Amino acid sequence: MDILIYGIVNSVVFALIAVGFTLVYGISRLPNFAHGALYILGGYITWNFLNKLGLNYAVAILLAIIIVALIGAAMYRFLLMRVRGMPDSEIIASFAIGLAIMEGLRWGGFVGQAYILPAFIEGAVDIAGTPIDFQRLIIVGGGLAVVAFLWLFTHYNKAGLALRAIAQDERAAMMLGIDSDLAAVLALALGSALAGIAAIAILPLGNITVETGYNVLIYAIAVCIIGGLGSWPGAILGAFVLGFAQILTVAYIAPQWQMVVVFLAIILTLILRPSGLFGRQKELEERV
Amino acid sequence: MSEEVILQVKEVSRAFGGIKAVNNVSLELARGEILGIIGPNGSGKTTLVNLITGFIKKDSGSIFFKNRNITKSPPHKIADLGIARTFQVMRPYHSLPAYRNLIVPLYSPRVKRASGGKLGDRDAVAIDLLEEIGFERDAYVPYKLASSLPLGYLKRLELARCLALRPEVVLCDEVFSGLSMAEIATMVPIVEKLQMNGITIMMIEHRLRELFQLANRVIVMNFGEKIADGIPEEVMADKKVREAYLGTEVT
Amino acid sequence: MESKARRKERLNRGIKVRTEGIYAVSSLKEMTYLLAPRLLLILGLLIIPLVVPSMYWQRVICMTCIFALLALAFDFLAHHVGIVCLGGALFIGLGGYISGILNSSFGLPLVLTIPIATLGGALISTLLLLPCLPVRGIYFAIVSLMYPLMLSRIIEALGLFGGTDGIAGLTTFPNIWVDQYLIIGVVLIAVFSLRRLVNEDIGLVLRGIKDNDQAVKASGMNITWYKAQAVFLAATIGCFAGAYLTHLYGWVGISLFGLDFSILPIAATVLGGMGTLIGPVLGASILTPLSEMLRALGPLRIVFYCLILVGFILFKPEGLMNYFQRKYHQFEHWIEV
Numbered sequence: 001m002d003i004l005i006y007g008i009v010n011s012v013v014f015a016l017i018a019v020g021f022t023l024v025y026g027i028s029r030l031p032n033f034a035h036g037a038l039y040i041l042g043g044y045i046t047w048n049f050l051n052k053l054g055l056n057y058a059v060a061i062l063l064a065i066i067i068v069a070l071i072g073a074a075m076y077r078f079l080l081m082r083v084r085g086m087p088d089s090e091i092i093a094s095f096a097i098g099l100a101i102m103e104g105l106r107w108g109g110f111v112g113q114a115y116i117l118p119a120f121i122e123g124a125v126d127i128a129g130t131p132i133d134f135q136r137l138i139i140v141g142g143g144l145a146v147v148a149f150l151w152l153f154t155h156y157n158k159a160g161l162a163l164r165a166i167a168q169d170e171r172a173a174m175m176l177g178i179d180s181d182l183a184a185v186l187a188l189a190l191g192s193a194l195a196g197i198a199a200i201a202i203l204p205l206g207n208i209t210v211e212t213g214y215n216v217l218i219y220a221i222a223v224c225i226i227g228g229l230g231s232w233p234g235a236i237l238g239a240f241v242l243g244f245a246q247i248l249t250v251a252y253i254a255p256q257w258q259m260v261v262v263f264l265a266i267i268l269t270l271i272l273r274p275s276g277l278f279g280r281q282k283e284l285e286e287r288v
Numbered sequence: 001m002s003e004e005v006i007l008q009v010k011e012v013s014r015a016f017g018g019i020k021a022v023n024n025v026s027l028e029l030a031r032g033e034i035l036g037i038i039g040p041n042g043s044g045k046t047t048l049v050n051l052i053t054g055f056i057k058k059d060s061g062s063i064f065f066k067n068r069n070i071t072k073s074p075p076h077k078i079a080d081l082g083i084a085r086t087f088q089v090m091r092p093y094h095s096l097p098a099y100r101n102l103i104v105p106l107y108s109p110r111v112k113r114a115s116g117g118k119l120g121d122r123d124a125v126a127i128d129l130l131e132e133i134g135f136e137r138d139a140y141v142p143y144k145l146a147s148s149l150p151l152g153y154l155k156r157l158e159l160a161r162c163l164a165l166r167p168e169v170v171l172c173d174e175v176f177s178g179l180s181m182a183e184i185a186t187m188v189p190i191v192e193k194l195q196m197n198g199i200t201i202m203m204i205e206h207r208l209r210e211l212f213q214l215a216n217r218v219i220v221m222n223f224g225e226k227i228a229d230g231i232p233e234e235v236m237a238d239k240k241v242r243e244a245y246l247g248t249e250v251t
Numbered sequence: 001m002e003s004k005a006r007r008k009e010r011l012n013r014g015i016k017v018r019t020e021g022i023y024a025v026s027s028l029k030e031m032t033y034l035l036a037p038r039l040l041l042i043l044g045l046l047i048i049p050l051v052v053p054s055m056y057w058q059r060v061i062c063m064t065c066i067f068a069l070l071a072l073a074f075d076f077l078a079h080h081v082g083i084v085c086l087g088g089a090l091f092i093g094l095g096g097y098i099s100g101i102l103n104s105s106f107g108l109p110l111v112l113t114i115p116i117a118t119l120g121g122a123l124i125s126t127l128l129l130l131p132c133l134p135v136r137g138i139y140f141a142i143v144s145l146m147y148p149l150m151l152s153r154i155i156e157a158l159g160l161f162g163g164t165d166g167i168a169g170l171t172t173f174p175n176i177w178v179d180q181y182l183i184i185g186v187v188l189i190a191v192f193s194l195r196r197l198v199n200e201d202i203g204l205v206l207r208g209i210k211d212n213d214q215a216v217k218a219s220g221m222n223i224t225w226y227k228a229q230a231v232f233l234a235a236t237i238g239c240f241a242g243a244y245l246t247h248l249y250g251w252v253g254i255s256l257f258g259l260d261f262s263i264l265p266i267a268a269t270v271l272g273g274m275g276t277l278i279g280p281v282l283g284a285s286i287l288t289p290l291s292e293m294l295r296a297l298g299p300l301r302i303v304f305y306c307l308i309l310v311g312f313i314l315f316k317p318e319g320l321m322n323y324f325q326r327k328y329h330q331f332e333h334w335i336e337v
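Respectively, the protein sequence lines represent chains A, B and C.
First residue of the first sequence? That's 1 in the working numbering, and the numbers climb one at a time after it.
First residue of the second sequence? That's 1 in the working numbering, and the numbers climb one at a time after it.
First residue of the third sequence? That's 1 in the working numbering, and the numbers climb one at a time after it.
By construction, these hints were calculated from the structure, which means they are not laboratory data.
Any given hint could be a false lead.
[To be verified] Okay, derived cross-link-like pairs now, DSSO-like style, lysine-lysine, Cα gap no bigger than 30 Å in a straight line: (1) B:Lys10 to B:Lys20; (2) C:Lys16 to B:Lys144; (3) B:Lys144 to C:Lys327.
[Unchecked claim] Label-pair restraints from in silico Cβ distances: (4) A:Ala172 to C:Leu300: 44 to 54 Å; (5) A:Ala251 to B:Ser26: 49 to 59 Å; (6) C:Leu300 to B:Asp123: 44 to 54 Å; (7) B:Ala15 to A:Gly85: 26 to 36 Å; (8) A:Phe78 to B:Lys10: 49 to 59 Å; (9) B:Ala185 to A:Arg273: 48 to 58 Å; (10) C:Ala228 to A:Lys52: 49 to 59 Å.
Computed from a predicted model, the values in this text were never measured in an experiment.
Think of the CB as a built atom: it goes at the ideal place given N, C-alpha and C, for glycine as much as any other residue.
The shape of chain A in the complex, shown without the other chains:
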């Protein structure tokens, strides 16, 4: 029973981490290798607001999310948009920006145990005999809220519908007057905000380290590869596959192999079904 509950929590964690990445890729075709950096940036900004400026936790969170969204959008608008359409350069440039941010934070001294975000509500509760802290419940709740929000946004809000249109067929959407560059900037803002939200929900479980940034990048991409790059339901499904795979490994094999599971999952996906579970990649572009 623990496995089920921890599995669900872990899966939601992965889903939260991955959905920002897959959204950005689906709409702007940019593989945002700075995703991990934006994630921990969200954490550090919140920490600074909380501890250096002494703001109220809720306010700190809100401001941090807005700032991360702006940083992501600006990063795209002023930097990455210049290499739009050149996949090699996009990968290299976004990777370098992410690396610069993460190593810059490391240089700025953000290392060590001191950097912790407090849980929103302390304490734990018992579900079916398994103790779960409230933070983890909040994560699951938050995950559901995010999914619901995204679904509603992309089905009922004009901007959201525009983003969905661009994700499905860029040319057709452009013919309808949707500005693809603006959509891409919005997508980055949304994706970065999601990274920030994920960070704020998840980081209280441990402490903020630069290593987390690298891990998050790898997990996010792994989930997206399994679920299908650019597919939002795919990311969620992929998150559950990976989330449970990891928990099962930790429970039955050994905790050190967690990372290896992720890696094996990527390789298996590439061998068996490269476009992922819900991949919408047209085959002409995908396989040899």
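Please build the complex by placing chains B and C on the supplied structure of chain A, with the hints as guidance.
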């Protein structure tokens, strides 16, 4: 032209998310013939070529080349067996001379086998090939940069790329499109010469007049289905074909 | 009223045109024009160990050459085959560990460990990266990024091969001159061989794989096989650098899988000039000494490479070498339209 069937397409289908791009299409290609494939835009002609040459997976059906099942073969294997195809969107090496664009097919295992390893200087073979296809050697046309060639020459370059492979079957995807009447007039004899040299050709075309001059047989597609199959005169008289192109009569 | 618009026109210099044919051999001036850049490179690399002030700087030369080899491998894969490899550290780590283990556990001398590590490491790297080859570039990028991180964590967690401490006390090269000239020789061979390779017919096939892989498939060639060969070649270069590094300092540890070895070659390539194969060597020659001087700043070094990389790739993508080549071969002037 013999009666030997070299390529058999049996009930092949492929859908893209609910839309049947190719729906249960069957056809047979006899060795040495020129088969035309016509139909309105979006009727699935290029998708059919992609299915035959292995660039897209089939949902159902099978394809046989010289009695060998190539349904699941990858594109490079199918090309290696002797089926070449042109691409509508051509991407030659702009900054290289035209003849260098033929080096890649001349480097292929198929050509190596066919020439017994004694191909000699690939550059020379490439230039000869271009000359045969109408690039005037005296005017140094084969040496011109691909970026400076007009469309007619580029289309011929694309065809030459196929021929460099020494194929048995060539699938031409709209090689006449975008060309002027004069340019097409120079290409028609080239296609005729290919047939005389024993190559089997399948041509997707919109230029019906020229196609009917060349084709022994024509297939018409509409909405992914084959709606007619026969000699050009029969096909043009077919009511379904007229409806597909011109719409139904107002009564 | 006509408006006079101007545009820049670039024309090949007279001397470039004159040297394009066989008659270049007839004039000393024209031969110099052709040979000078190459001689500059070769003589420069051969002379520099003799003129640097101290042993510290001689070690810097060695490190520069290691990064130059990695950058060469990256440039070759990225701009001649279309594969973006974010994990140069994988090659260094594999080459390093294989030669280290062969040396310490099996007692093999370095004349054996280096070749075995080079080829064996390259084989293993290619096999590890094989699943990514049939599919698009982003998969290769992320998997190549993951491998060094994962391998270093496995070694750390399981305490294999010396764990975090690594393996020390390995054989080193006999003297400082062998250190330097060995690696300089390899760099020169690698640069000229790769340049030759991409100009041969096989280079066109690889370029086809990068630009228009449909046409290459339609010509009957198995793309995965050619990509695998290219990855093997690049991995050979990288693994040699790793094996060399191990025997340079007589030590191997998980730092060989560090991010430095992945990112500096990329920055060096972008700075030096993508696609030229000499540009990466130039870039490495600039960035490695700089990085040594900045060693005290810790992670800021990496921020620094990244900022240079981003700056160049976004605003001056041609890089230094392309710029120099352009200036050397062409002149510009304004003309009226």
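Given the hint of 26 to 36 Å, check if Ala15 of chain B and Gly85 of chain A actually sit that far apart at their C-beta atoms.
Holds - the Cβ-Cβ distance for Ala15 of chain B and Gly85 of chain A, about 30 Å, lies within 26 to 36 Å.
Return holds or violated for the Cβ distance of Ala172 of chain A and Leu300 of chain C against the range 44 to 54 Å.
holds (47 Å)
Taking the CB of Ala185 of chain B and the CB of Arg273 of chain A, does the distance hold inside 48 to 58 Å?
holds (49 Å)
Is the hinted range of 44 to 54 Å satisfied by the C-beta distance from Leu300 of chain C to Asp123 of chain B?
holds (52 Å)
Kindly confirm whether 49 to 59 Å is satisfied by the beta carbon distance between Ala251 of chain A and Ser26 of chain B.
holds (54 Å)
Restraint check for Lys16 of chain C with Lys144 of chain B, where alpha carbons must lie at most 30 Å apart
holds (19 Å)
Measure nothing beyond the straight line between the CA atoms of Lys10 of chain B and Lys20 of chain B; if it is 30 Å or shorter, mark the hint as holding.
holds (16 Å)
Would you mind confirming whether the straight-line C-alpha gap from Lys144 of chain B to Lys327 of chain C stays at or under 30 Å?
holds (25 Å)
Look at the Cβ atoms of Phe78 of chain A and Lys10 of chain B and judge whether their distance stays inside 49 to 59 Å.
holds (56 Å)
Just tell me: holds or violated, for the beta carbon distance of Ala228 of chain C and Lys52 of chain A against 49 to 59 Å?
holds (52 Å)
The structure shown violates none of the earlier numbered hints.
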